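Engineer: Listed below, chain by chain, are the residues.
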Amino acid sequence: MQREQFQVVRIQAEDFDLSAEVAALRAGDAGVGAVAAFVGTVRDRDGSAAQAVQPVQLLELEHYPGMTERAIEAMVDAARQRFGIRGARVVHRVGPLALNDQIVLVAVSAAHRGEAFQACEFLMDYLKTQAPFWKKEHTAAGAHWVDARVADDAAAARWGLPTGNAPVVAPAMATAGQPA
Amino acid sequence: MTVQVRYFAALREALGSGEAVQLPAGSRVADLRAALVARSPAHAERLAPGRAVRCAVAQVMCQDEQQVLSDGAEVAFFPPVTGG
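Chains A and B, in that order, give the protein sequences.
Position 20 of the first sequence, counted from 1, bears residue number 20 in full-length UniProt numbering, the numbering being contiguous throughout.
Position 50 of the second sequence, counted from 1, bears residue number 50 in full-length UniProt numbering, the numbering being contiguous throughout.
Simulated from the structure, these hints should not be mistaken for lab results.
Quick caveat, the model's predicted, so the values are computed rather than measured.
Don't be surprised by glycine CBs; every beta carbon is placed ideally from N, CA and C.
Just a few of them, taken from the derived set where beta-carbon distance is under 10 Å, the chain A residues facing chain B:
(1) M124
(2) F133
(3) V146
One chain only, chain A, in its complex shape (with noise of 0.2 Å):
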């Protein structure tokens, strides 16, 4: 199969069609037994509880034109390589989301459900970690940029990913340490 046939990675601040993207990845595979799919989507709040007080009005999405396409591209490869999957879809959202919007797209067919549903979680992990894109919040309190979490990089550490996305100290720590 043509790697173009197998693969399809997408930035766009269009929302996408969830029935459509898998429709397209199925398409002409007989021997594709199982889909796995992943929505992400724009929550009204932070996750933690620091900045759990506002409610967000607005998500702004940063990417890194170039950049972003290629590391998305190394991570279906090696989904591929190690998931034996069949087909990939990755969606990703830029620009300014609504709540409840549709954020990312991740899709992947397989013979089986066990290599979909792992390649599903593996390439989610690894976006999250890897692939370049800036989440900025807006709250009637102000905007300000969403900080990456450990937790994150504590699931992409499971399938042995390159770990230290997430800031090793608080930010608040980090700027008190810094010499004067």
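We have chain A; now place chain B onto it with these hints.
Structural biologist: Relative to chain A, chain B alone:
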């Protein structure tokens, strides 16, 4: 040699979208970061050792700041990533 530095997210807001930097041949990522820190108080605040800054060289995530840079390299600095 010259490397092209790019910034993203909070670093872009503080330092602009990027800048060209002259460095001695054989310089490493750590040397570039030190040269940037010396440029202005804003650079120093954002890029000082110990700050949570990630780096990519030629659009590949850099895992080791001892990586040697080549002339014309594109080097990006940005906060930990938060997509998905």
